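Colleague: With the hints as extra help, turn the sequences into a complete structure.
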Amino acid sequence: MSRSIAYNSSPLLASPTPVWRSKFIVAAIALAFAGLAGRAVYIQVLENDFFQRQGEVRFARTLALPASRGRILDRNGVILASSIPVPSIWAIPEDVGRDPVKLKKLAKLLGLTMTDLNKKLEDEDKSFVWLKRQVDESVGKEIEALAIKGIYQRKEYKRQYPEGEAAAHVVGFTSVEDMGQEGIELAFNKYLGGRSGSRRVIKDRMGRVVEAVGEQIAPVDGRDLQLSIDSKVQFFAFQTLKEAVLQHKAKAGSVVVLDVHTGEVLALANYPSFVPDKRQNLSGEQLRNRALTDSFEPGSTMKPFVIGLALNTGRVTPNTPIQTAPGRLTIGSATISDSHAHGVLSVSEVIQKSSNIGTAKIALQMPAREMWEMFSNVGFGQKPQVPFPGAVSGRLRPYKGWRPIEQATMSYGYGLSVSLMQLAHAYTVFGRDGDLAPISMLKVDNPVGGQPVFQSKVARDVRTMLHMVVGPGGTASKAQTMGYSVGGKTGTAHKQEGRGYAGHRYRGVFAGLAPIDAPRIVVAVMIDEPSNGKYFGGDTAAPVFSKTVQQTLRVLGIAPDMTVVPQVVTETVEESF
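FYI, my numbering numbers position 232 of the sequence shown as 232, with every residue one higher than the one before it.
Hints are supplied without guarantee of correctness; some may be wrong.
List time: in silico DSSO-like cross-link candidates among lysine-lysine, alpha-carbon distance up to 27 angstroms [claimed, not checked]:
1) K278 - K242
2) K278 - K104
3) K108 - K119
4) K242 - K23
5) K120 - K104
6) K120 - K132
7) K119 - K132
8) K251 - K278
9) K232 - K278
10) K278 - K105
11) K534 - K249
12) K155 - K120
13) K400 - K495
14) K141 - K155
15) K105 - K119
16) K495 - K457
17) K361 - K400
18) K102 - K155
Please keep in mind that the hints were generated in silico from the structure rather than gathered at the bench. Everything numeric in this text was worked out from a predicted model, so none of it was measured.
Modeller: In structure tokens form, the structure reads like this:
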């Protein structure tokens, strides 16, 4: 039997409900739905672009597709610089698993202290942080085996330099971002670098790619670059230079080797040097490309140019006698001197004996303008046309301000400054029968034309004089080379210190060419501040020239033109400086 319910038995149920209350509730619900609908319209229609962008900022990423940097090759195709793919380690700090044992192993593999690792991971708001760029492949595999949550790897390209410190100042190096920083890497950065590609993707909060969006832009790899450098010549030149710097306890040294026919730079080396892909303790002393960035007073290596000018203008012949007695010459209030009183010397003997007085007397027969124009024509006072950043122009003051004593001292290498590259380049005029070829760091296939400076006969006459310098009675017998005839000029110059000259600080220089009758190469050497008791260019720089010439001509396949062993004397004839 069903029971009937009496609603009026409860005072609450019996009280009448106001009509407005139910209408209010219905209206509130309707208003809420209208608000939701309006918000949906606002988000999906009116401000759709804004919210799409915000969504992309949080989940869409543009991934760079790195281009492979072009290789740097020597003239024979030997690799001087190349790129290899290697892993780089990154993390999402807020997701990283905090297993102390695994993190300790990770820090050790990355070469970090736990303090350094924790510092990188301490900000948990970060969604990305590099832990270490460009680690070894084996290190990447060990890190992957740790399986630490929130630790990821990305492939990047790392530069390798097989020739190490021997070619460091030529090739230079790149940054961790694969941008050229020094040397050829910097000078030809755009050519070598190519163009990176990209692709748009959607990532989840774990950093995993879940969807690709948009079109992928493929990377364009950089192009290979073939230099004029011969890696074998470069290595021999560097090793010989290094041995000389260490032997003479010198501050530094440089050597440049040029091909006379083409103007190509076959070798350019400096010591101290550095290993391009191991630069943790790199200093400015190691980094300086001294052959191009350092200028110095070249001393007696200037004399052949002054004599060449006098021969070219017909003022003297190789046999013209020059009185150099009594070994001193006063010009105005200044006195210049020779290391020995030689008496009467022929013009050829002025070069052979390196007489300051003989050279100065010849120089003062000529207008200052003629000397200045000749120095300019062989490249002094002008920046070498090579792509290296930081190449200096040296110093050559306008001729209108020259006093007689200054013209005299410039004739034997004081009062002007040059780089070793400029000096080597200038000496090509004697090897090319009087014209100056443009120099090149890139491979040149055929001989090139040059700018005329001296008559052909004058250049050949000066070559004969340079050959006398390395013979008996000359200042550079140690430049003689087994199997090859050579010629060149020594230079020993005091180093400037403030407005004057340092009493016991010198640069030893030698510049020359070989073989003497049909020159193929010019080699210039500079040894900075030798300190073991020998400082003359004939003692410090000439032996480096000799060894470098011998190795270079053999590498180039040049047949020996001498059948006898050079007679090298044990004592160097002192040059005037």
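Colleague: In ascending order, which of the hints set out earlier in this document are inconsistent with the structure?
Modeller: Hints 4 and 16 contradicted; others consistent.
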